[in-house]
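> So you can see what is in the structure, the chains are spelled out below.
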Amino acid sequence: MGGPIASLNPLNRADGSASYKCVSTGSNILGSVNAPIELPGRRDALKPEEATIEVFVKPGTAPGGVGERYIEGVIRNALGRLILGRENGYPRRGVVITLAIVGGESVGRGGSYLPLLPALLHTAALALLSASVPLSMTLSATVLAVDSSGEIIREPSVKDAKAATSLHALAFTSKGQLLLNESEGAFDFGTWETVYERALAICHGTSTLSSDGDVAMTENVDSQPLEGVLRDTVQDQIHSEYAWKIDAA
Amino acid sequence: MNKEALLSIAERDFILDALREDVRLDGRAADQLRPLTLSFEEEHGHVKVQLGKTSLIVRISAEVAQPHDDRPFDGIFNIAMELTAMGSPAWDNGRQGDLETYVTNVLDRVIRHSNALDTESLCILKGVSCWTIRADVHITDYDGNLIDASCIGVMAGLQHFRRPDAVVKDGQVIVYGLDERVPVPLNITHKPLSVSFHTFDEGKLVVLDATRKEEQASEADVVIGMNNAGDVCYLSKFSGSPVDAMVFVTKTTVALDKVKEINGIIDKALQADLAKRAKGGLAEESRAANDR
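Protein chains in written order, with the UniProt record's numbering: chain A, 1 to 249; chain B, 1 to 292.
Chain A with its partners taken away, still in its complex shape (with noise of 0.2 Å):
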């Protein structure tokens, strides 16, 4: 299985940007971050020691509509436990996140954002990463569908995610605890922990943390931790960009 395709910085205009394409679903999702930046006119209702974070998710070709604006909650709340907004410059000030589904099929109306759950948070996290916004750790997600003989498939295509008893979309922060929990379908207890253990494995593999702190990560039957995919593409931007200062070393 193909691991996603991620690049870092696609747009001029916005702070940051990220555009990510995930394989196996065929979902193309362009992100962009303006942060901080001055909200207009609503004073009251914001917190005036934190920054607010808005999130708005566009689909591709229909009118965003109840399952665009009920992602987006999802996305908000979870993201709000990794952005730092208390940070310099970022009380009363906005982080602005919009993420637009620029390839795939699009979600019909009143259907299930499950599936693009995890394309939608890790464009949300590296976008905020070129941004530079300030962030108390990164996340990984995945999406695991259950079928009828008790199967679990990895990332599902539209087909097979309609087909199946069961949806899990999980999200792990960096340092493997889990940040987000979706589900939809039937299902018990006995599935939902084997499906956590799936989902634990693809975005972190088998880590096992050395005694310095970092955390080595090993491949394991589902090719690269998405983590590591996630790392090394904030890696190989870096490593383009500061190239006139390796190069010189």
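Everything labelled a hint here was simulated from the structure, so no lab data went into it. Take these hints with a grain of salt, some might be off.
To be verified - As a list, the in silico DSS-like pairs of lysine-lysine whose alpha-carbon atoms are at most 30 Å apart:
1) A:Lys159 <-> B:Lys279
2) B:Lys48 <-> A:Lys21
3) B:Lys53 <-> B:Lys268
4) A:Lys21 <-> B:Lys268
5) A:Lys245 <-> B:Lys48
For chain A, the structure is supplied; the task is to place chain B on it using the hints.
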């Protein structure tokens, strides 16, 4: 909000003084377009347009729906454009600004009202079902001349798009999947494009394809919508200071040249994409003609 930060007086004067000496910030001539590149994605009707630093994505989609009661023979065609904070930090998500209303209106007039897409050909069964074609314009980078860039994107998308084949059998509508039958191109009657000009210095200086800074420093804009044959289908002088009538006369000629040039670029990009797809595509497989 929903407004770009204003230019400083020094910056405005600099642009104006340079223009008086016939120099533009990016070194172009007054009637020169920025470099235009079009690229098509795998999906039909998915176009990326890059005009200088302005870039956008257009996606065309088709859906079967019921036609409007008063027009049972007509299909439905909509152009949807929503400016998000992605294109420019000055735009608010989910709030409509003046620019959005203006650009949507021009696109509607140039492409939809000039009947570029023959909506009658979208009818499947009178009064019961028809195709709804939707063009979504996603602005990814805004650096001026949104109107022309989106016009190019929508027109290229419409020409690139293929809708699934639909057949009426015993009063039942059957829609064939994209892998069952060769998808059908849309019926394009003509290829209108818009060309915008901005005027400076009491209408003495007229510049084509202004960048964002030039737009902000300008006094007024003139938009001409035209097709390859030179039929003017839209002409507007929306706001700002007056413009001499002769500008319209002389600039329509320039606009015609530009429309032909841009349509040439679109055709070339479409041909290149078609050649790429021809290898091993469904259209090739289902062709009846023998190779000679």
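> Hints first: check each against the structure and report whether it holds.
Each hint, compared with the structure:
1. Our distance criterion of 30 Å between C-alpha atoms is met by Lys159 (chain A) and Lys279 (chain B), whose separation comes to about 27 Å.
2. For the proposed pair Lys48 (chain B) and Lys21 (chain A), the alpha carbon gap of about 16 Å is at most 30 Å, so the pair holds.
3. For the suggested pair Lys53 (chain B) and Lys268 (chain B), the alpha carbons sit about 21 Å apart, so the restraint of at most 30 Å is met.
4. Under the criterion of a C-alpha separation no larger than 30 Å, the hint pairing Lys21 (chain A) with Lys268 (chain B) is consistent with the structure, at around 28 Å.
5. For the proposed pair Lys245 (chain A) and Lys48 (chain B), the alpha carbon gap of about 34 Å is over 30 Å, so the pair is violated.
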